[in-house]
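Next come the chains, spelled out residue by residue.
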Amino acid sequence: MVSAPGSDQVGQVYVSDTVRAAVKILIVGHFAVGKTTFVGTLSEIRPLRTEETMTQASELIDDLAGSPDKTTTTVAMDFGRLTLSERLVLYLFGAPGQKRFTTLWKDMLNGALGALVLADTRRLDESFDIMGLLEEHGMPYAVAVNQFDDAPLFPVAEIREALDLLPETPLITCDARDAASSTEALISLVEYLQTRTSQEHR
Amino acid sequence: MSPPHRRERGLVRPYVVTDGRAHPTRNTLDLVTLVTAASGRPLSGLSPEKRRVMELCRGGALSVAEVAGHLALAISVTKVLLSDLIDSGHISTRPPIPRAQLPDDQLLQEVLDGLRSRL
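Those protein sequences? They're chains U and G, same order as listed.
Residue numbers for the first sequence follow numbering that gives the first Met the number 0, so the first one is 0 and each next one is one higher.
Residue numbers for the second sequence follow numbering that gives the first Met the number 0, so the first one is 0 and each next one is one higher.
It is possible that some hints are incorrect.
[Claimed, not checked] Listed below are several chain G residues computed to face chain U (Cβ distance under 7 Å; list not exhaustive):
(1) 44
(2) 60
(3) 74
(4) 103
[What the hints assert, rightly or not] Covered stretches of chain G, as calculated for chain U (at least 3 residues, CB under 8 Å):
(5) 27-41
(6) 89-95
Don't read these hints as lab results, they were simulated from the structure.
Ideal Cβ positions, reconstructed from N, Cα and C, are used throughout, including at glycine.
Work the whole structure out from these sequences, hints included.
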């Protein structure tokens with residue numbers, strides 16, 4: 000029996016009949032950087048989660064040294080939805096960086112417009128893996144520093160240098176709890192994607 | 000906000016649900032492919048999982064990822080189930096706007112306009 004979706008939802012469960020296109024943007028970053036908060040702040044539906052368990056074969060070779068109390072490897076993904084116009088919806092997929100490429104990652108990257116990397120100034124080095132993965136797969140991204148209340152404020156130039164960002168990669172500050180601030184971060188990403196496509200057409 | 004309701008663990012292992020198959024019959028399904036139930040197809044003969052998919056999808060269009068999330072199924076399993084249901088005519092995918100009618104730059108502009116209108 001399907002637990003009737005709709006009874007406790009933030010908004011409408013189903014996609015509007017007029018919608019003809021769905022696009023996706025990835026919200027990525029390390030553990031506890033605010034991905035789920037970001038998706039939840041912007042989503043019109045109650046955010047959903049799916050989990051994918053590794054196949055047995057990959058479990059055998061999986062490196063569990065970093066998490067000794069973990070016996071199986073699960074990749075979780077949180078996602079939400081925003082209706083952008085009567086014919087277009089945007090899905091936001093939030094997932095942690097994985098050292099090893101998984102099917103879930105392949106699914107997420109496939110056809111995505113771009114990615115927003117959430118970063119925490121207290122742990123900038125933990126963003127390197129995910130940025131590397133995106134670059135490896137040619138996925139354009141912008142970086143948004145999720146400004147935690149107790150995190151120190153650094154000059155933008157210092158953060159850029161610490162993250163070794165290309166000059167054109169947007170770096171913004173946002174508050175993942177705030178809808179306007181999170182929307183602005185997405186806007187910066189999409190504006191950047193636009194400049195990239197217009198360059199390709201030249 | 001309360002955490003999303005989901006089953007912690009199914010009664011059967013994922014491959015039982017998919018008749019032992021790990022791959023869908025078609026690989027055109029993306030996480031954001033919109034699917035909806037076709038009307039008037041009998042549910043007799045469908046497995047319990049496929050019935051659950053049908054019950055959910057009867058309400059309107061959802062993305063593949065949303066179907067997985069609502070039913071607490073893995074994406075890979077959901078794709079197998081949906082592919083079968085598309086093959087049997089139970090589920091239809093919403094036709095996307097042809098690429099030629101909506102090139103990348105226009106699509107990005109629509110995304111941007113939609114985001115800006117939310118501010």
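Hints and how they fare:
1. 44: For residue 44 of chain G, the interface hint is violated, since the closest Cβ of chain U sits about 19 Å away, which is over 7 Å.
2. 60: 4 Å, holds
3. 74: 6 Å, holds
4. 103: 5 Å, holds
5. 27-41: holds (count 5)
6. 89-95: holds (count 3)
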